Amino acid sequence: MPPAQAKWLPAAPRRLVALLRATLLGGLLALASRAHDTLAGYLRHHVIVALGAEYVDVTVHLTFFEDGSEHERALMDADGDGRLSRAETEAYLKQLAPRLAGLVKLRAAGQTMDLVPLREPELDLLGHTRTGRWHHRLSLFFFAPPPPDLAPGTELVVEDRLWPELRAVGLHQVEARDGARLEAVPLRDSLLPPAPEGQAREFKARVLTPPKAAAAAPADVERKPCSAPSEP
Amino acid sequence: MLRTFRTMNARTCFTPVTLALAGFLTLAGSGRAETPPLLPGILEFAGRVSHNYWYLFGEAHRAELDALNRQLRQADQQLRQARDDAARQAAAERATRAADRLLELVKQCPRLLRLDLTAARATLQPAGPIEQPGDTGALLLEVNAGGEGLWFSSNAADLSAPGGETSRVSIDLGASGVTYAVAGLDHLPFGRTTLQLRFNRPGQPSLPLPLDVVTPPPGRLKLTVLSDDTGRPTPAMVRLMWRVDGLVRRPANGIEFAPQFDGQGQATGVRAANLPGPLGVHFWCVPGPFDMALAPGVWQIGVRRGVEHEVLFEDVTIKSGELTERTLRPRRWVDMPRRGWWSGDDHVHLRILSDDDARHVMAWVKAEDVHLANIVKMGDIYRTYFEQRGFGPAYRVVDGDYVLAPGQECPRTHDQIGHTLAMNILSMVRNPERYFLYDLVFDEVHAQGGLTGYAHVNSGLFHVHRDMSLNVPRGKVDFVEIIQFNQLGTDLYYDFLNLGCKLTASAGSDVPWGGTIGEVRAYAYLGQQPFSADKWFKAFGRGRTFTTSGPMLEFRVGDALPGDELVMKSNRKLRVRAHAWGDPKRMAPMKLEVVRHGEVIRTAESTDPKNPEAELDFTVEAGPGFWIAARARAGDGTSAHTTPVYVIREGLRFWKFDGLETLLARREESLRQIEGIIAEAKRLDGEGRLEADRYRQQLARQGDALLERVALARGLYAELRRLADSERPRRAALRP
Numbered sequence: 006m007p008p009a010q011a012k013w014l015p016a017a018p019r020r021l022v023a024l025l026r027a028t029l030l031g032g033l034l035a036l037a038s039r040a041h042d043t044l045a046g047y048l049r050h051h052v053i054v055a056l057g058a059e060y061v062d063v064t065v066h067l068t069f070f071e072d073g074s075e076h077e078r079a080l081m082d083a084d085g086d087g088r089l090s091r092a093e094t095e096a097y098l099k100q101l102a103p104r105l106a107g108l109v110k111l112r113a114a115g116q117t118m119d120l121v122p123l124r125e126p127e128l129d130l131l132g133h134t135r136t137g138r139w140h141h142r143l144s145l146f147f148f149a150p151p152p153p154d155l156a157p158g159t160e161l162v163v164e165d166r167l168w169p170e171l172r173a174v175g176l177h178q179v180e181a182r183d184g185a186r187l188e189a190v191p192l193r194d195s196l197l198p199p200a201p202e203g204q205a206r207e208f209k210a211r212v213l214t215p216p217k218a219a220a221a222a223p224a225d226v227e228r229k230p231c232s233a234p235s236e237p
Numbered sequence: 035m036l037r038t039f040r041t042m043n044a045r046t047c048f049t050p051v052t053l054a055l056a057g058f059l060t061l062a063g064s065g066r067a068e069t070p071p072l073l074p075g076i077l078e079f080a081g082r083v084s085h086n087y088w089y090l091f092g093e094a095h096r097a098e099l100d101a102l103n104r105q106l107r108q109a110d111q112q113l114r115q116a117r118d119d120a121a122r123q124a125a126a127e128r129a130t131r132a133a134d135r136l137l138e139l140v141k142q143c144p145r146l147l148r149l150d151l152t153a154a155r156a157t158l159q160p161a162g163p164i165e166q167p168g169d170t171g172a173l174l175l176e177v178n179a180g181g182e183g184l185w186f187s188s189n190a191a192d193l194s195a196p197g198g199e200t201s202r203v204s205i206d207l208g209a210s211g212v213t214y215a216v217a218g219l220d221h222l223p224f225g226r227t228t229l230q231l232r233f234n235r236p237g238q239p240s241l242p243l244p245l246d247v248v249t250p251p252p253g254r255l256k257l258t259v260l261s262d263d264t265g266r267p268t269p270a271m272v273r274l275m276w277r278v279d280g281l282v283r284r285p286a287n288g289i290e291f292a293p294q295f296d297g298q299g300q301a302t303g304v305r306a307a308n309l310p311g312p313l314g315v316h317f318w319c320v321p322g323p324f325d326m327a328l329a330p331g332v333w334q335i336g337v338r339r340g341v342e343h344e345v346l347f348e349d350v351t352i353k354s355g356e357l358t359e360r361t362l363r364p365r366r367w368v369d370m371p372r373r374g375w376w377s378g379d380d381h382v383h384l385r386i387l388s389d390d391d392a393r394h395v396m397a398w399v400k401a402e403d404v405h406l407a408n409i410v411k412m413g414d415i416y417r418t419y420f421e422q423r424g425f426g427p428a429y430r431v432v433d434g435d436y437v438l439a440p441g442q443e444c445p446r447t448h449d450q451i452g453h454t455l456a457m458n459i460l461s462m463v464r465n466p467e468r469y470f471l472y473d474l475v476f477d478e479v480h481a482q483g484g485l486t487g488y489a490h491v492n493s494g495l496f497h498v499h500r501d502m503s504l505n506v507p508r509g510k511v512d513f514v515e516i517i518q519f520n521q522l523g524t525d526l527y528y529d530f531l532n533l534g535c536k537l538t539a540s541a542g543s544d545v546p547w548g549g550t551i552g553e554v555r556a557y558a559y560l561g562q563q564p565f566s567a568d569k570w571f572k573a574f575g576r577g578r579t580f581t582t583s584g585p586m587l588e589f590r591v592g593d594a595l596p597g598d599e600l601v602m603k604s605n606r607k608l609r610v611r612a613h614a615w616g617d618p619k620r621m622a623p624m625k626l627e628v629v630r631h632g633e634v635i636r637t638a639e640s641t642d643p644k645n646p647e648a649e650l651d652f653t654v655e656a657g658p659g660f661w662i663a664a665r666a667r668a669g670d671g672t673s674a675h676t677t678p679v680y681v682i683r684e685g686l687r688f689w690k691f692d693g694l695e696t697l698l699a700r701r702e703e704s705l706r707q708i709e710g711i712i713a714e715a716k717r718l719d720g721e722g723r724l725e726a727d728r729y730r731q732q733l734a735r736q737g738d739a740l741l742e743r744v745a746l747a748r749g750l751y752a753e754l755r756r757l758a759d760s761e762r763p764r765r766a767a768l769r770p
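Line by line, the protein sequences are chains G and C.
First residue of the first sequence? That's 6 in my numbering, and the numbers climb one at a time after it.
First residue of the second sequence? That's 35 in my numbering, and the numbers climb one at a time after it.
Wrong hints could be hidden among the right ones.
[As the list claims (entries may be wrong)] Here are the simulated SDA-like pairs of lysine to any residue, each with C-alpha atoms no more than 25 Å apart in a straight line:
hint : chain 1 : residue 1 : chain 2 : residue 2
1    : G       : 99        : C       : 368
2    : G       : 209       : C       : 642
3    : C       : 625       : G       : 126
4    : C       : 625       : G       : 159
5    : G       : 110       : G       : 126
6    : C       : 644       : G       : 191
7    : G       : 209       : G       : 58
8    : C       : 353       : C       : 464
9    : C       : 644       : G       : 57
10   : C       : 619       : G       : 189
11   : G       : 99        : G       : 113
12   : G       : 217       : C       : 622
13   : G       : 110       : G       : 192
14   : G       : 217       : C       : 642
15   : G       : 110       : G       : 137
16   : C       : 607       : C       : 632
17   : C       : 625       : C       : 603
18   : C       : 644       : G       : 189
19   : G       : 110       : C       : 101
20   : G       : 110       : C       : 417
21   : G       : 217       : C       : 95
22   : C       : 141       : C       : 156
23   : C       : 644       : C       : 618
24   : C       : 625       : G       : 110
[Stated by the list, open to error] Listed next, the stretches of chain G that the computed footprint assigns to chain C, with coverage defined by at least 3 CB atoms under 8 Å from CB atoms of chain C:
hint : region
25   : 76–83
26   : 111–123
27   : 163–174
28   : 188–197
[What the hints assert, rightly or not] So, partial list: chain C residues that the calculated Cβ filter (under 7 Å) puts toward chain G:
hint : residue
29   : 78
30   : 85
31   : 107
32   : 194
33   : 302
34   : 310
35   : 332
36   : 435
37   : 521
38   : 671
Read the hints as simulated data drawn from the structure, not as lab findings.
Bear in mind that the values here come from a model prediction, so they are computed numbers and not experimental data.
Beta carbons are placed, not taken as given, at the ideal position from N, Cα and C, and that holds for glycine.
Modelling step: build the complete structure from the supplied sequences, incorporating the hints.
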C-alpha cells in the first residue's frame with residue numbers, strides 16, 4: 006500500500022486521503038487474498054527507461070488485470086452509477102498522484118535518486134468506461150538528471166514500490182538518445198511475487214555507451230523587468 | 035483547489051510569479067510549512083501545455099515548453115526537500131525563472147484569449163470563432179477577476195457527450211486576480227461549434243459565456259498495405275497517430291475484437307504487442323485498404339506485419355478537402371517459409387461462432403503473418419469460454435497458407451497443478467468430475483491424434499511444475515510453452531530435459547491477455563513440403579521447432595534438426611552448427627549460445643550495429659549423450675530457443691547424470707506439494723467448508739485418484755534412480 010505522502014495537503018483533503026487509504030488498504034488486502042487464484046489478480050509493470058544527455062526518463066505503465074481493475078474502477082465511481090465519467094477519473098488521478106510520486110526511484114552506481122514527476126498520470130480505460138472486471142492502464146511519467154560520470158557498465162536500476170502486495174508481471178525496455186546505448190538486463194522471472202515489506206521490485210538497465218554531453222547547457226531563464234498582468 | 039497568497043508591495047519591481055513566491059516564502063518563514071511550494075496548478079498547467087497542447091504555441095516552442103515543465107517540477111521537488119534557507123532560496127529562484135518564462139510565453143501566445151471580468155460587460159477577446167486544429171483542440175485563456183492573485187488551471191471537456199443542446203466547457207478560476215487556464219477539447223465536431231464556457235470562481239455563481247470554435251474541413255486518407263510476397267492488398271496492423279495530440283485513432287475498418295473476447299483480458303481491438311520499442315505501441319488490425327476522413331495536419335502511419343517484416347513508420351500530411359493516397363509495402367527482412375519454417379501461435383483465445391468471427395480472426399493472423407493459430411476454447415472447473423463452432427479438420431478455417439485450428443486450454447487449475455493445452459483435437463475433452471486427472475485428458479487427446487502440452491512453463495505460473503512432475507515422465511506430454519509476453523523462461527524446461535524427458539519447445543501469445551497474435555511464435559520445419567495444418571502439426575509433434583519473439587534461429591547437429599535423435603553406438607565427434615540473425619534495423623547486437631544440459635558451451639556475439647547475426651560451427655564429443663539446443667538474444671530484448679537435438683549413446687539415457695539427485699529432489703518436492711494440497715482440501719471438505727469452492731471440493735473428492743498418480747510418479751522416479759545406478763559403471767567406463 007503506498008505510504009502517505011500527503012502532509013502538504015490541506016486538512017480536508019487529508020481526511021479524505023485517510024479514508025481513501027483505509028478503503029484501498031482493506032480492498033487491496035482482500036484483493037491480494039484472491040489475487041493468487043488467477044492471472045486476473047496480477048498487475049503488469051511495464052517499465053521504460055530512456056537515457057539522454059540531459060535527462061533520464063522513466064515511464065511506468067501499470068496494467069490492472071480483472072481483479073485489480075474491478076477494485077480500482079469501484080473507487081473511481083464516485084457517484085456509484087456504474088459509469089466512469091471523465092470528472093470521476095480525473096478526481097481519482099488527482100487523489101492518487103501525490104501518493105505514487107515517491108514510490109518509484111532510480112539508483113545508479115549505488116546512489117538512489119528521487120525521480121520527479123514529468124506530468125500528470127494518465128488513465129486509459131481500454132475502451133470500457135463502466136465498473137466491472139476489465140483491464141485498465143495507469144501510466145506514470147518521471148525524470149531525473151542523468152547520474153554524473155556515467156561509465157559503460159553502470160547499471161540504472163528502477164526501484165518500483167507500486168502496489169507491492171500484488172503479484173506482478175514485469176516487462177521492461179530501454180530507449181537511448183544522444184548517442185547513448187543501453188540494454189535491458191533480463192528479469193530473472195517475469196512473474197514477480199508480492200514484494201516483502203520495504204523491498205522494491207527492480208528493473209535494471211546497463212549503460213553500454215554513455216550519452217554524449219549536451220552541446221550547451223540550456224540557458225537559465227532570465228528574470229524579466231516588472232510586468233503587470235495584461236491589460237484587457 | 036486554488037489559494038490566495040499575500041503579496042509584497044507592488045511598487046517593488048518583481049514579476050507576478052516572484053510576487054507570489056515571495057508571498058510563499060513569507061508564509062513559510064512565518065511557520066506555515068504546509069503551504070504548497072509553487073503556485074497551485076502551475077505544474078499541471080506546465081505539464082499539459084508542454085505535452086498535450088504545445089501546438090497552441092507552435093512547434094518552435096515545443097522543446098522550450100518541455101524544458102520549462104521539467105525545470106518547474108525539479109524546482110518544486112527541490113523546494114520540498116530543501117533543508118536550509120539557501121537551498122530553498124536557490125530552488126525558489128529557479129522556479130521563478132521558469133515560471134516567469136512560461137508566463138511570458140503564455141502572454142505572447144497569439145492564441146491567448148482574454149477575458150476581463152471587471153469590465154462592465156465581460157466579453158472574450160478575440161470573440162471568435164477560434165480556430166482549432168481538428169477533432170481535438172484547446173483554449174488558452176487569461177481571465178482577470180480583479181484584485182490580487184495569480185492562478186493556473188487545467189480543464190478538459192469531452193464533447194462526444196454534449197449536455198442537452200450545448201457543449202459545456204468548465205474553466206476553474208481563482209477567487210480574484212488573474213487566472214491562466216488551458217482547456218482541452220476532445221471529440222470536436224467538424225465545422226463550427228458553439229461552446230458554452232462556464233467560468234467557475236469560489237463563492238460566485240458560474241458565469242456562462244458562449245464561444246464559437248471552428249475546425250478545418252477534414253482531409254481524406256486512402257491507405258493500402260501490400261503484401262511483400264504477392265504485391266496485392268493484405269491485412270495489416272496499422273497505426274494512425276495525429277502528431278498534434280499524440281493520440282492514436284481507429285482506422286475506418288479497424289476490427290473491434292472486443293465481442294469475441296468474452297470480456298476477458300485486454301478486451302479491445304486496439305493492440306499493443308508485448309514487444310520492445312516501436313513494436314509495442316498501439317496498432318489496429320485492418321483487413322484491407324481503407325478510405326477515411328481525418329483532421330488536417332501531420333499523421334504518423336505505422337504498419338506491422340509480424341516478426342518477419344520490417345516495421346514501417348511514415349509521416350503523411352493530410353490537407354483539408356484533399357485526398358491523400360498512400361500505398362505501403364512492409365518489406366520482409368527474412369522469408370522463413372522459403373527456408374522451410376512456418377510460424378504458429380499455440381495459444382489464442384477468441385470466440386469463433388460465425389463466418390464473421392472467423393473472418394476477423396483470419397484477418398488478424400494474416401496481418402501478423404502467423405500461419406497457424408491454435409484457437410483455444412478455454413475451460414475451468416465451472417464452465418468454458420471463447421466458444422468454438424466445432425473441432426477437427428472440418429472446423430479449421432483455411433485461407434491459403436493461413437489456418438485457424440480449434441484447440442483447447444483445459445483443464446486449468448490456478449492454485450493447484452497448472453494449465454494445459456491441446457492442439458489438433460477432434461472434440462473438446464473436459465470432465466469436471468475428473469478434472470484434476472490431467473493424464474486422462476492427455477490420453478484422450480492423443481487418441482484423437484492431437485498434441486498435448488502445458489501453458490506458461492516459461493514462468494512456472496499456476497504451479498504447473500506439479501502436474502508436469504506427474505505426467506511428463508510418463509511420456510504423456512508433447513510440448514511446453516517456454517516463451518510468452520516476450521519472456522523466455524527455461525528453468526522448468528531444462529529440469530525435465532535434464533531428466534531425460536523429451537519436450538518440444540513452443541510459444542503462445544495468450545491473447546487477449548497477450549498483446550497480439552504471434553508476438554511470440556513457434557516455427558515448425560516442413561522443409562520443402564507445401565504448407566498444410568496437418569504437416570505443421572506433424573512437424574511440431576516431431577519437435578522440429580524453434581520459438582521466438584524476434585530472432586530467427588537455425589540449428590543442426592550433424593544432419594539432425596531440433597527434435598531429432600542421434601543414436602550413437604560409439605563415441606565420435608559431432609558437428610554443431612547454429613545460426614541466429616535478426617532484423618538489421620532493430621535487433622543488433624545478436625548473442626548466440628549453444629547449451630548442453632542447460633550449460634552454455636559456446637557463445638558468439640555480433641556487435642556490428644548493421645548486422646545482427648551470429649554463427650557457431652564447432653564439434654563436440656558424443657560421449658555418454660546429452661540434449662543440446664541453441665538460443666539467441668537480440669539487442670532489442672527479444673529471444674529465441676530451439677527444441678533440442680537428443681544425442682543418445684546407445685544403452686544410456688540422454689539425461690544430465692551428474693545432476694540427478696538435485697533434479698529428483700525437485701520432483702519429489704513437487705509431489706509433496708500435491709499431497710499437501712490434497713490433504714488440506716480433504717480436511718476442509720470434511721469440515722464442510724468448501725461448498726463455494728468447487729476447485730478444492732473436487733480436489734478433495736478426486737484426491738485419492740490423484741494420489742495414485744503421485745504414487746505412480748514416485749515409482750517412476752525410483753525407477754530412474756535404479757536406472758542411474760545401472761548406468762554408473764558404463765558411464766565411468768566411458769570417461770576419458
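The hints, checked one at a time:
1. G:99 with C:368: 48 Å, violated
2. G:209 with C:642: It holds: about 24 Å lies between the C-alpha atoms, which stays within 25 Å.
3. C:625 with G:126: 37 Å, violated
4. C:625 with G:159: 20 Å, holds
5. G:110 with G:126: 16 Å, holds
6. C:644 with G:191: Holds, because 23 Å separates the two Cα atoms, which is no more than 25 Å.
7. G:209 with G:58: 19 Å, holds
8. C:353 with C:464: 57 Å, violated
9. C:644 with G:57: Satisfied, since the Cα-Cα distance of roughly 22 Å is no more than 25 Å.
10. C:619 with G:189: 18 Å, holds
11. G:99 with G:113: Status violated; Cα separation ~30 Å.
12. G:217 with C:622: This hinted pair holds, its Cα atoms lying about 20 Å apart.
13. G:110 with G:192: Distance of about 18 Å is within 25 Å: holds.
14. G:217 with C:642: 20 Å, holds
15. G:110 with G:137: 32 Å, violated
16. C:607 with C:632: Roughly 20 Å separates the two Cα atoms, so the pair holds.
17. C:625 with C:603: Given that 25 Å is the threshold and the Cα spacing comes to 34 Å, the pair is violated.
18. C:644 with G:189: Between residue 644 (chain C) and residue 189 (chain G) the Cα gap is close to 20 Å, so the pair holds against 25 Å.
19. G:110 with C:101: 21 Å, holds
20. G:110 with C:417: Violated, because 44 Å separates the two Cα atoms, which is more than 25 Å.
21. G:217 with C:95: 24 Å, holds
22. C:141 with C:156: Holds. Residue 141 (chain C) to residue 156 (chain C) sits at ~19 Å (cutoff 25 Å).
23. C:644 with C:618: 6 Å, holds
24. C:625 with G:110: Answer violated: residue 625 (chain C) to residue 110 (chain G) is near 30 Å, above 25 Å.
25. 76–83: Check failed, 0 qualifying residues.
26. 111–123: Coverage by chain C holds for the region 111–123 of chain G (4 residues, Cβ < 8 Å).
27. 163–174: Violated, because only 1 residues of the region 163–174 of chain G bring their Cβ atoms closer than 8 Å to Cβ atoms of chain C.
28. 188–197: holds (count 7)
29. 78: 6 Å, holds
30. 85: Cβ of residue 85 (chain C) sits 5 Å from chain G, so the hint holds.
31. 107: 5 Å, holds
32. 194: 10 Å, violated
33. 302: Where the cut-off is 7 Å and the nearest Cβ of chain G is about 4 Å from residue 302 (chain C), the hint holds.
34. 310: 4 Å, holds
35. 332: At 21 Å from the nearest chain G Cβ, residue 332 (chain C) fails the 7 Å test, so the hint is violated.
36. 435: At 31 Å from the nearest chain G Cβ, residue 435 (chain C) fails the 7 Å test, so the hint is violated.
37. 521: For residue 521 (chain C), the interface hint holds, since the closest Cβ of chain G sits about 4 Å away, which is under 7 Å.
38. 671: 5 Å, holds
Going through the hint list in order, the structure does not satisfy hints 1, 3, 8, 11, 15, 17, 20, 24, 25, 27, 32, 35 and 36.
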